[in-house]
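Engineer: So you can see what is in the structure, the chains are spelled out below.
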Amino acid sequence: MSTLRAVQISKSFGAVAVLDRIDLTVQPGETYALLGPSGCGKSTLLRVMAGFEPADEGRVELAGRVVTRPSPERGMVAQAGTLFPWLPLRDNLAFGPREAGRSDVDEVVAELLQATGLADFADALPRQLSGGMQQRAAIAQVLANGPPVLLLDEPFGALDAQTRLRMHEWLRSVLAARETTTLLVTHDVDEALLLADRLGLLSARPARVVEEIPVPFGGARGRHTLSDPAFVRMKAQILDRVLVA
Amino acid sequence: MPLLTDLARLTQAERGDLPTSPARSQGRRRWRRALGVVVPLLLLGAWAMVSGLGWISPGLLPAPWTVTDAGRDFFFGERRTTLAGVVAFDGAGWGHVGASIFRCLVSFALAVVVGISVGLALGLSRWVADLFDPVINALRAVPLYAWLPISLIWFGIGEGAARALIFIGALWPVLIATADSVSRVPRGYIETARMLGTPRHRLWRRVYVPSALPEIVTGLRLSLTLAWMCVIVGELTGTSTGVGAMMNAARETGRIDEIVVGMFVFAVVGYLADLVLRGLTRRWVSWADT
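Protein chains in written order, with our numbering: chain L, 1 to 245; chain Z, 1001 to 1290.
Hints may be right or wrong, so weigh each one.
Claimed, not checked - Partial selection, computed: residues in chain Z whose CB lies under 10 Å from chain L:
1. Glu1014
2. Trp1204
3. Arg1221
Unchecked claim - In silico contact screen, one side only, chain L against chain Z (beta carbon under 7 Å); selected entries:
4. Phe52
5. Pro54
6. Pro85
7. Gly96
8. Arg166
Just so you know, these hints were derived from the structure itself, not from any lab.
Quick reminder that beta carbons are idealized off the backbone N, C-alpha and C, glycines included.
Just chain L, same shape as in the assembly (with noise of 0.2 Å):
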């Protein structure tokens, strides 16, 4: 289990500033999700922890090491899905270990078959699956190479609304098994609730970290959780914060 940081991180697109001096960490095994309204450099922020855009100033750390480039350490999952048109579902979760070299690929694609559902499917294009399998499998992928950090970038923004909450269900009894650290992006009051264990409401653009706040849910949420008294208050006082910043 590895600590992630975002040490004094600023970024610009030419004249627009996008990040000014974020400063996050995230625990070994925590989910800390990210909010804040759109357009405000949530996913510019994932891509410099991701390595696919270098930061103008401040730094990345992983377990106290400074990253600079994607890694399969950190094993992101965006919005569009991230599979490989070409390959079958076999062989997209297979990418990851094959490139690490291992000798139990075989064993590793039937765990994460199983653990996503999609064993019936292992022989499938990614374009013959719906869009909640595609996004289980795209987490998948990355998960097979074992990374101590996974980076979600609104994973679950294309799907309708039942899909979804059955995607957060699934996504929270993963990451609890894997005790992963996980940096989720969202826009989604409801998804940052279920999912992580502390939210961080980021500023209007350009971007800061401007109030941290622990998620009280405990471990096993899911459909239940929405009803529950706290949660509809708690969605309330988050909501007034996101449209306030």
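Use these hints to put chain Z onto chain L, whose structure you have.
Structural biologist: Chain Z only, in chain L's frame:
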């Protein structure tokens, strides 16, 4: 096992969202393909009608039955000994077709190797593209017939010039398709592969080529068709074998029925070659079917 039960239920629910069954679309595709014989049959009927009614002079367009007779002679007629340099017709069909196909395949294979290699270099490196794009775009605008004199000077009359012309004709589609498709591989695929541990030097094999294959295959098909079309130009350079050489000889003797036989041979072999190439490459590109 509540998680696995929920997951099974979820997967069951998602089955309803899956795309339409391939069996249905396959049946529809077969039916549509059958429609493709309707137009050739109509054209053949119209040709037979205008010939039978004498609406067109046999000197301009011989009747289908005359062409059929010539075709039979070409492939199954009694082979006669000809003087050196004289292009045979009767019974020489298979030999001419074989010579043309061999000539075409040798030049096509070379065009594929060069086209894909150069196309990859252009598509993968902006620096290489900036350096060579103007030269390549200018060269591919030179008409094939403009290459004819210089090919004859460089490679001599006959085989060498023929192969060079077919190579030049076949090169550009596969080169441009490779360069273009590789340069437009979505950034997301590259990032995912890098994140999953693919080193930069392996990206071309793991991501760029597989992702670009559907367009590269389209380039291959165009190149093969063009190579086959260029065979006739190549065989005007003084070869004594090949369908183009036969047609050129028929033009000199005014045998329009033999010319039409040659045209049919080009059309049928070209069509079959495309079918074979599509069959061979289908499994590389089926993922891109809509």
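Engineer: Next step is simple, just say for each hint if it's right about the structure.
Structural biologist: Checked hints:
1. With a least beta-carbon distance of about 4 Å to chain L, the hint placing glutamate 1014 of chain Z at the interface is held under the 10 Å criterion.
2. Nearest Cβ of chain L to the Cβ of tryptophan 1204 of chain Z: about 14 Å, over the 10 Å cut. The hint is violated.
3. Checking arginine 1221 of chain Z against chain L by beta carbon gives a least distance of about 18 Å; that is not within 10 Å, so the hint is violated.
4. With its C-beta approaching chain Z no nearer than about 5 Å, phenylalanine 52 of chain L sits inside the 7 Å limit, and its interface hint holds.
5. Proximity of proline 54 of chain L to chain Z is violated relative to the hint, the smallest CB-CB distance being about 14 Å (cut-off 7 Å).
6. The closest approach between the C-beta of proline 85 of chain L and any C-beta of chain Z is roughly 6 Å, which is under the 7 Å cut-off, so the hint is satisfied.
7. The restraint placing glycine 96 of chain L at the interface with chain Z holds, with a minimum CB-CB distance near 4 Å, inside the 7 Å limit.
8. For arginine 166 of chain L, the interface hint holds, the least distance from its beta-carbon to any beta-carbon of chain Z being 5 Å, beneath 7 Å.
When the structure is compared with the earlier hints, violations turn up for hints 2, 3 and 5 and for no others.
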